[in-house]
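Residue numbers (UniProt numbering), protein chains in the order written: chain A, 1 to 443; chain B, 1 to 443.
Quick caveat, the hints were computed from the structure, so don't treat them as lab data. Fair warning: there could be bad hints in the mix.
Claimed, not checked - Below 30 Å or equal to it, Euclidean Cα-Cα: the simulated BS3-like pairs (lysine-lysine) are:
#1 B:K63 - B:K149
#2 B:K63 - A:K334
#3 A:K149 - A:K351
#4 B:K334 - A:K149
#5 A:K149 - B:K63
#6 A:K63 - B:K149
#7 A:K351 - B:K63
#8 B:K63 - A:K294
#9 A:K63 - B:K294
Number of protein chains: 2
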Amino acid sequence: MTDRNPTPGRIQKAPENFLSPEKMEQARRARRSFMGKALAMGAGASAATVAGAARADDPAIVKLPAHTTGLGQPVAARGYGSPSQWERNLQRRESPGLTRVSAASVSFAPLQGMFGIITPNGLHFERHHQGWWDIDPSQHRLMINGLVKEARVFTMDELMRLPQVSRIHFIECGANTGMEWGNVAVPTVQYTHGMLSCCEYTGVLLSTLLDMCGADTKKGRYVLAEGADGSSMTRTIPMANALDDVMIAWAMNGEMLRPENGYPLRLVVPGIQGVSWVKYLRRLEVGDKPYDAKDEVLHYVDLMPDGTHRQYTSLQEVKSVITTPSGGQVLLDKGYYNVTGLAWSGRGRIKRVDVSVDGGRNWRTARLENPVLPKALTRFNVDWVWDGSPAVLQSRAIDETGHVQPRLNQLRAVRGTRSIYHNNGIQSWKVAESGEVFNVQLN
Amino acid sequence: MTDRNPTPGRIQKAPENFLSPEKMEQARRARRSFMGKALAMGAGASAATVAGAARADDPAIVKLPAHTTGLGQPVAARGYGSPSQWERNLQRRESPGLTRVSAASVSFAPLQGMFGIITPNGLHFERHHQGWWDIDPSQHRLMINGLVKEARVFTMDELMRLPQVSRIHFIECGANTGMEWGNVAVPTVQYTHGMLSCCEYTGVLLSTLLDMCGADTKKGRYVLAEGADGSSMTRTIPMANALDDVMIAWAMNGEMLRPENGYPLRLVVPGIQGVSWVKYLRRLEVGDKPYDAKDEVLHYVDLMPDGTHRQYTSLQEVKSVITTPSGGQVLLDKGYYNVTGLAWSGRGRIKRVDVSVDGGRNWRTARLENPVLPKALTRFNVDWVWDGSPAVLQSRAIDETGHVQPRLNQLRAVRGTRSIYHNNGIQSWKVAESGEVFNVQLN
């Protein structure tokens, strides 16, 4: 559960600067001579000035680089393309040892170097129960059966002709931030919170399909969703969700689903933990009681202090995390920083995010970036001038239903320390005098 | 300016089905025997039923496929990943012959096979004036000079520490749909409207930088933006825009800009034609008059019927287009279709989109998908039951300022037929009795 990638980064790329001690000192020296003195910008952007930005006569800008004098590469030369060669370091990463088989494992999204609310498909976290497949869509079918007037089987072509919707939603694994229940302070936000992504999905509402099949939505209080991969992943979806905003999606972020995200068809269950977003979706069955599938009985349950298990706790409660500065990053100077992070709630829209830089004694309200959408990530930003002394950064989200993100110890008081799933506690990042940022468990 | 890619597609993938006549007949036959009869769904989704969807006893679903019985691929096996092998056909494409040098050319986004409003970075259209570069961000600088109290040079690191915003905006080349001014009916929506994309950008507002440099925003009525590539692309930005919503962006859709989109720094000028979104941005100069740069004097001007040129017509007016069904696609059956498309306006939010299936005699209001954001693409959907007779599909957008998308002939009456730029006329797609869809210029 440690960061496998301590490769020295580059000083100019603040969000992903995993620096070795030598590189840090080198960077500090270079920066001192280059900038003269630190950015001394006020907390309010409108009153801001920078003393000591690089001068126009810096020799680095006098020599004309090749890209200014030569002919560049032609259009379409990169085909579908990929990020810059200078961004190779930023990628989703497996956490070795987390599971026994890498076909049934996790790769985490690198939140520390990401921006806004949209997760590009190439950085979307992965969680497979028996590996991923690239299924031929012409052979794929979706069956709907159970308490319906007429059981049906749909081809992809038939589904893609139906009334479609496009919506932006977050997906979070129920086990996200799971190691923090105990006293394991996972070092970086990629591994504490990286089983989290947010995309624009396009598909048909489940309510449309249930209507077409004449589902009995009174007796049929549940829908079983079943995937086509070897794990036979099945999950029970309450009918209230099914008739509300559950989608059968074929596209994410403008293009067809990626194979690792369930191509060609995935169930999208807004606000509900990722395991219910069944990939390679092949069957939906309407039934009159919960199905108690293996992943509802043995996994994704919460072990309480008295030894009992909470079951069907699927909703992802209000939560937030600061992504920059965060564990593993280094502040190279005193002065102004933009503190940024993500907030979300399975119950609806984010109403407010507060940020503390003193471990929760004082809180300031962050700016929320538009759009603020129900059951979607919301990006927040807040000004901070670091005076060089130790600080503890925290964020606390409040959603439109009034739910407030709890402190970790408030959660532990009720649920103990043996849970894995459903930790929405406040995350604390300690900034040391050296500028290094650590994960600490304060309260 | 023709579609280079008549490769037969697959029947189940309606939006990208470029079918040969043989393949079409083959698909029709297969479909008839497979489905029994066509989808006979009513126009209202809530009252919908399908007669003739595939039966559960279809032999295709009885044999268990490999992905159900075997172990799949491990997490992170694909690294950054790419779309499914079954989606290779869908990519941005150059239009051969459009320009003399492919380093100064265009690749178009495949709108006919895209969904929602977010353009994935791998399908974002390209327009280079002297090719693309992958610039080392540690060497890149942004200078601000001219009518400012103190000229400054910023490193990427310094910029990325500043107050940041994230916003979703469309970008459209001023020459998009340019061939339609005359009587050239370009066959597919990829080539008629594919110089259009929409992403979530993250960066610092230009107003923040101007404030930091003490810009004279009264005498300084304009800002010159200059790129670092060999084309020395420079564009004049009015101060009103500069102080409003213009951004210096380093990220799109959650990750750093792609090299072909201006990595590491791009000017984002919401609502304004793409040429002003200067890539590889290296300098901003505050001045007291427009700069009359080469791309403002010789290009991106509108040739009027009297022989004069309109200059500095930079705003992208209200516009929309149906992306499915669209030119080059084939409707394989009568019955229900979801008609979908995009609408946008450089003046603000889309208020309404109307759709006609009879060449503009009657109009119905389409559903707008959330979010509906200012100066961003808006996705619309509307139900349609095709009775098998010829039809002409059109969409007409209205923005929140009251501007209405004009008919092509209304534009021509004022501006003649010799323009290249700034065509926001209504697009007409004719559905023939055969199901084939053609670009026609009706009115």
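Status of the hints after comparison with the structure:
{"no.": "1", "hint": "B:K63 - B:K149", "in the structure": "violated, 75 Å"}
{"no.": "2", "hint": "B:K63 - A:K334", "in the structure": "violated, 65 Å"}
{"no.": "3", "hint": "A:K149 - A:K351", "in the structure": "violated, 42 Å"}
{"no.": "4", "hint": "B:K334 - A:K149", "in the structure": "holds, 25 Å"}
{"no.": "5", "hint": "A:K149 - B:K63", "in the structure": "holds, 26 Å"}
{"no.": "6", "hint": "A:K63 - B:K149", "in the structure": "holds, 26 Å"}
{"no.": "7", "hint": "A:K351 - B:K63", "in the structure": "violated, 50 Å"}
{"no.": "8", "hint": "B:K63 - A:K294", "in the structure": "holds, 24 Å"}
{"no.": "9", "hint": "A:K63 - B:K294", "in the structure": "holds, 24 Å"}
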